[in-house]
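**Student:** If you want the building blocks of each chain, they are given just below.
Number of protein chains: 2
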Amino acid sequence: MRIGVIGTGAIGGYYGARLQCAGHELHYLIRSDYAHVVEHGLIIDSCAGDMRLPQVNAHAHMAHMPACDLLIIACKTTANAHIFPHIAPLLTDNGSVLLLQNGIGEEEHIRQYISHPLLSGLCFICAQKIQPGHIHHSDYGLMTIGHWLDDRSAAGTTDALSHLQHTLESAQLEVTVAEDLLQARWKKLLWNVPFNALSVLLDAHTDALLANPSCAELVRILMTEVQTIAAADNRILPDKMIDAMIHNTEKMVPYATSMKVDADQNRPLEIDSILGAPLAYAKQAKLSTPALASMYAQLHFLYGNSAQTHV
Amino acid sequence: MRIGVIGTGAIGGYYGARLQCAGHELHYLIRSDYAHVVEHGLIIDSCAGDMRLPQVNAHAHMAHMPACDLLIIACKTTANAHIFPHIAPLLTDNGSVLLLQNGIGEEEHIRQYISHPLLSGLCFICAQKIQPGHIHHSDYGLMTIGHWLDDRSAAGTTDALSHLQHTLESAQLEVTVAEDLLQARWKKLLWNVPFNALSVLLDAHTDALLANPSCAELVRILMTEVQTIAAADNRILPDKMIDAMIHNTEKMVPYATSMKVDADQNRPLEIDSILGAPLAYAKQAKLSTPALASMYAQLHFLYGNSAQTHV
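Residue numbers (this note's numbering), protein chains in the order written: chain A, 31 to 341; chain B, 31 to 341.
Chain A on its own, in the form it takes in the complex (with noise of 0.2 Å):
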């Protein structure tokens, strides 16, 4: 298969090099790195196995990119009003998309320029890009994968879906399929507005945030309002989800959200994709949810003016 990555981060990185180990013709678009990467190829230090890609397909610009058979976009959310206007002509006919990005909205962002299977999936996995065209994996790696359809409904495991899943496979990565994806969206919502809003907020690690009561009550405020506004999507996240989520994190290694590696490296933060389009979804559906919309409104006031940026 020939697969394209937008985004040459730590998430299209990594899942590119597997990829273009088992076979596939793989092309980046890659920016910054674009110079160092054509010299020195990929490095990938991961902890299911190290890869070193001396020679890829780099592309500086989406318009220098071939059609694909699959696109992963794994650009930053921030950058996607700069990229999906663009995306058509980097897909065959009979391509299809994998969207691997956190929040909730852009399946249907994206549908404004493409009709084809739209496949859209979440990484639960600790990478970073630590230097120019070299990316850490210290953890995890396990993608979920689901099919969008246009009227929000489960799509259960579709021809696509499987097609995906085994290409994943085949490449040695860990994928689950979830019938639903938007109850696998809400569900990471659940763990990602919290924490990725006041990681921020307070500078402060997941074991410290669930340390203060009061900061360990806000959490479950905010997963309850986040659940709420779920359930008018008619998705069910049930109270033991709550229970069972905040006594895995308080278990966890400490840990650094996207959203605070973002602060801490002036890079743009998913403000929009994480908080205000699950905020803009209760306002909708006439929902009270003073947390979140507190949470929104100092992120806003604090990194709105840094929310978009070019990939």
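Read the hints as simulated data drawn from the structure, not as lab findings. Keep in mind the model is a prediction, meaning the values are calculated, not measured. Here a beta-carbon is modelled for each residue, glycine too, at the ideal position from N, C-alpha and C. Each hint should be verified, as a subset may be incorrect.
Once the Cα atoms are required to be at most 25 Å apart in a straight line, the calculated SDA-like pairs of lysine to any residue come out as [to be verified]:
1) B:K316 with A:A312
2) A:K270 with B:K313
3) B:K316 with A:P243
4) B:K313 with A:S244
5) B:K316 with A:D269
6) B:K313 with A:D269
7) B:K316 with A:A246
8) B:K316 with A:Q257
9) A:K270 with A:D237
10) A:K313 with B:K270
11) B:K316 with A:S244
12) B:K316 with A:E247
13) B:K316 with A:R250
14) A:K313 with B:P243
15) A:K281 with A:A214
16) A:K316 with B:K270
17) B:K313 with A:A241
18) A:K281 with B:L332
19) B:K159 with B:V283
Now the stretches of chain A that chain B is said to cover, found in silico as 3 or more residues with beta-carbon under 8 Å [unchecked claim]:
20) 223 to 234
21) 246 to 259
Partial list, derived from the structure: chain B residues whose beta carbon lies under 10 Å from chain A [unchecked claim]:
22) S244
23) T254
24) A327
Following the hints, position chain B against chain A.
**Tutor:** Just chain B now, kept in the frame of chain A:
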């Protein structure tokens, strides 16, 4: 009259000096600036008329102060736990207390230690201590005073209140009587909760907060939550009061709140009396106030360990 002032910062220093200039015998409890004030006295630069008091009765310890006819408590609420247990000997049999503090709930607290008439006030003043023994009063100055009753009812205009009003007005101070002290306290909290919390959390002045649409919305959410708690305390703060307060704040000179001034000067923050006490009241009344809980949790996480101090 013999008048004691506990906490000779901007508030205690300014109002004490006015009363001393009116001919009363003033005694000041002064902690960090004691030696300086003994030598140099107090200097008050004031938009309402400068005052120079080269000689003042300064005391470094409460045990050294004489019994007074009026004891003004003007320390930060963060010091109350160290002050209140020691005030009874500082009052004559016919003496009364004037509590000049922010927030809510401290009247019940002080009642554990004295049974004298308890008058309580709110100061609407821009004043800061800019050097040891040197206070700068730049704007406003109105004091609203009310008579505390242990059954939380409105006391109306009592003899003790009228007498205090006369004493203050004779010292060229602007005073209004609140027939219902708790109504006045909840009204001030309507402003203090959002602007104190957000000015510290976002390191911003009132104008910047209101210029951001998401933050302006959050200010209104917080005010509405305070309004709901006040209603449970049988105090009605009408919607048009919120509208007017936001409108007036937009027109104000950009303003650093008292909590922001405290944060900037590494002093303890009045988190408990301004946010914690209303939140506790909400919980007791089984009200949901998630935005207030968000503000409290974040301030508590960032500043909670420095919430108590000595005067």
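**Student:** Give a verdict on every hint.
**Tutor:** Status of each hint after checking the structure:
no. : hint               : result
1   : B:K316 with A:A312 : holds, 23 Å
2   : A:K270 with B:K313 : holds, 23 Å
3   : B:K316 with A:P243 : holds, 19 Å
4   : B:K313 with A:S244 : holds, 13 Å
5   : B:K316 with A:D269 : holds, 20 Å
6   : B:K313 with A:D269 : holds, 21 Å
7   : B:K316 with A:A246 : holds, 19 Å
8   : B:K316 with A:Q257 : holds, 21 Å
9   : A:K270 with A:D237 : holds, 20 Å
10  : A:K313 with B:K270 : holds, 23 Å
11  : B:K316 with A:S244 : holds, 17 Å
12  : B:K316 with A:E247 : holds, 15 Å
13  : B:K316 with A:R250 : holds, 17 Å
14  : A:K313 with B:P243 : holds, 15 Å
15  : A:K281 with A:A214 : holds, 22 Å
16  : A:K316 with B:K270 : holds, 23 Å
17  : B:K313 with A:A241 : holds, 21 Å
18  : A:K281 with B:L332 : holds, 23 Å
19  : B:K159 with B:V283 : holds, 20 Å
20  : 223 to 234         : holds (count 4)
21  : 246 to 259         : holds (count 4)
22  : S244               : holds, 4 Å
23  : T254               : holds, 9 Å
24  : A327               : holds, 4 Å
Going through the hint list in order, the structure satisfies each hint without exception.
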